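**Q** Sequence:
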Amino acid sequence: MDANELLKKIRKIEIKTKGLSQNIFAGEYHSAFKGRGMTFSEVREYQYGDDIRDIDWNVTARHNRPYVKVYEEEREMTVMLLVDVSGSRNFGAMGEQKRLMIAEIAATLAFSAIQNNDKIGMIFFSDHVEKFIPPKKGRRHILFLIRELLDFTPEHTGTDISLALRYMTDALKKRCTTFLISDFIDSGDYYRALSIANNKHDVTAIQVYDRRDAQLPDVGLMRVQDLETGALRWVNTSSGRVRKAFNKWWYERQQVMTDRFNRCGVDYASIATDEDYVKSLMGLFKKRGVR
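Residue 152 in UniProt numbering is what sits at position 152 of the sequence shown, and the numbering runs on without skipping anything.
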């Protein structure tokens, strides 16, 4: 897109997502993610109502009465956005394209982070790590991230979630809050990398998908292209057997994805491009905030 069109889109996303982060997500973001990073402050005598899991058994043994560890909330977190820029993000049969919704969700999270005095960074990935943007603060940095989200052109089209997670785990030594944003169309097994990443960091997954990812329309013979491999083929969408097989493939893939998230203890949201992502994110934040 040309420079004027890009600037207009950046401004439009800034106005919308900054407003959301200030007026809707501010408190929910803080309760959901602040406090996940806690640092040790001191020990004091046990008081009624204290969590027994916080008892310092060494100090308790020395004084013959219970003492608990006291933690304080880290005032500053590092937030990383792992953004899928593979070929399938350009598909959008219903609602807006995945890439535009991904950009809005990422921008909303970025403005929420900066309001809470957090640093924000980003990793673009396909089946390669396409770009690493180190965490920083400030409105100028956020606008740079939005511009990259809208205008970045990857060199590769495939998807390797495991690679992106391993790169993030190796690159960031300090514990951070990580949002993995993808359609999760990945034939590889990223369970081990996700488990390791979530043990070191705090990973939340956000799936952005199109309805046509899940169900073929009944429109007769249709030529389709795999946006990640470039392969072309003809599909008879009038065949109920073909449509049923496609839907079964989608359902089974979704089951594998959610099973990986659950086994790794990763919170997640699944959002269609014709849905209101605000409602889904609010639900995700509230679920984390009450735990």
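Everything labelled a hint here was simulated from the structure, so no lab data went into it. One or more hints might be untrue.
Restricting the straight-line Cα-Cα distance to at most 25 Å, the calculated cross-link-like pairs of lysine to any residue (SDA-like) are [unchecked claim]:
(1) K173 <-> N117
(2) K18 <-> Y251
(3) K136 <-> R53
(4) K16 <-> E42
(5) K9 <-> K136
(6) K248 <-> S270
(7) K119 <-> Y277
(8) K119 <-> T229
(9) K287 <-> R53
(10) K131 <-> R192
(11) K8 <-> I114
(12) K16 <-> K279
(13) K9 <-> S31
(14) K286 <-> R263
(15) K279 <-> A26
Pair by pair, the computed Cβ-Cβ distance ranges are [to be verified]:
(16) K16 <-> N64: 26 to 32 Å
(17) D151 <-> D54: 43 to 49 Å
(18) K16 <-> R65: 51 to 57 Å
Keep in mind it's a predicted model, so treat the numbers as computed, not measured. Yeah, the Cβ is synthetic: ideal placement off N, Cα and C, and Gly gets one too.
**Q** Would you mind marking each hint as holding or not holding in the structure?
**A** Hint check results:
no., hint, in the structure
1, K173 <-> N117, "20 Å, holds"
2, K18 <-> Y251, "35 Å, violated"
3, K136 <-> R53, "35 Å, violated"
4, K16 <-> E42, "42 Å, violated"
5, K9 <-> K136, "22 Å, holds"
6, K248 <-> S270, "18 Å, holds"
7, K119 <-> Y277, "23 Å, holds"
8, K119 <-> T229, "35 Å, violated"
9, K287 <-> R53, "22 Å, holds"
10, K131 <-> R192, "23 Å, holds"
11, K8 <-> I114, "22 Å, holds"
12, K16 <-> K279, "15 Å, holds"
13, K9 <-> S31, "30 Å, violated"
14, K286 <-> R263, "21 Å, holds"
15, K279 <-> A26, "14 Å, holds"
16, K16 <-> N64: 26 to 32 Å, "60 Å, violated"
17, D151 <-> D54: 43 to 49 Å, "48 Å, holds"
18, K16 <-> R65: 51 to 57 Å, "56 Å, holds"
Violation of the numbered hints given earlier is confined to hints 2, 3, 4, 8, 13 and 16; the remaining hints are satisfied by the structure.
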